[in-house]
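Engineer: Residue numbers (the UniProt record's numbering), protein chains in the order written: chain A, 1 to 196; chain B, 1 to 196.
It does not matter which identical chain is meant; a pair holds if it fits inside one copy or across any two.
With a cut-off of at most 35 Å between alpha-carbon atoms, the simulated DSBU-like pairs for lysine-lysine come out as follows:
1) K60 x K32
2) K60 x K111
3) K111 x K32
Hints listed in this document are in silico derivations from the structure and should not be mistaken for laboratory results.
Number of protein chains: 2
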Amino acid sequence: MTASRRTPGRRPGGPDTRGEILQAARESFADKGFAATSIRAVARQAEVDAALVHHYFDSKEELFIEAMAIPVDPRLIAANIVGGPREETGRRIATAFLGVWESPEGQQRMKALFRSVVSSDEVARMMREGITQMIVQPVSQMLDVPDAQLRVSLVATQLVGVAVVRYLVGLEPVASVDVGVLIDRLAPVLQQYLTG
Amino acid sequence: MTASRRTPGRRPGGPDTRGEILQAARESFADKGFAATSIRAVARQAEVDAALVHHYFDSKEELFIEAMAIPVDPRLIAANIVGGPREETGRRIATAFLGVWESPEGQQRMKALFRSVVSSDEVARMMREGITQMIVQPVSQMLDVPDAQLRVSLVATQLVGVAVVRYLVGLEPVASVDVGVLIDRLAPVLQQYLTG
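Next comes chain A alone, as it looks inside the complex (with noise of 0.2 Å):
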């Protein structure tokens, strides 16, 4: 936020406005979890009116959606079953989660989301009905395997413990080991839940 080198007080919407919104509910359900975010919280953070926020998006959901970039383009984890070698599936995952959560902007998207996860039934409820019906079932039917749902499963179990181990609890040495040290070890892993 670039809040302090601003006139404080209410403005009008200005040409980034619905990604300064953003950027502020990020660092409000970063800070406080989704429970206790509320629009008019969102506004005074981004220093607009609240009715412009709800120009914007219809609820706190939605902004938390959009906020939180939940919506995981499922043909971008298609391609990463499909698009190459089978006996590479668990190393492009691995490259593709890790490459995303590496970025400061991506560290703090999921930082976020797993506060939000852990605070709230609802969002943990939303999460798990978005996973479902965005990733594990899609993927599932193209993997053509036995208990195809359970693996991928089995294989979000290993990257949330990644997530929270290396980003949030901040455990050594996963926390600061060279992340391509840390995809040589995560790929056979995912690879044998996929297709072992």
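Given chain A's structure and the hints, the job is docking chain B onto it.
Structural biologist: Only chain B this time, still in chain A's reference frame:
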């Protein structure tokens, strides 16, 4: 703490002395960290004799485990590493952790701890330090493999991920799959991290 409302100085055990010692321990672990906290310092903070702390808790490690409501005794984990055939270490670890988390009490403690870790940087720091000193370092010394600490922390990522996805997020089908099936899938992965 209610110390300010009491006569200062050492005092004998009262009806909730154990609870007061745990509260003093939480404050000390939070203020000074795991390494710098001693039984004597906790006794001083709780305004009781060190012998009384020892009456309730055998060691600083036990005090930490109880104070933080850690759902699995880290010493049990260490015992699982060394107490049996090396090639079944992964299975023993998976069985130990899931055994605790499948019980209502163990699951409740795990969820509470996880929510605290994710929402509080201070709790995350305490856990990071405690886990490092009580699990990662001693277990790594027993393993006698290269990168032992990295291996142990990778095991942590997989266990944490299962805890989050199965019990907190409830993503199917991993959320309701039979625990025996889950152990069968996790065991070779943990084994691969440790000795592969």
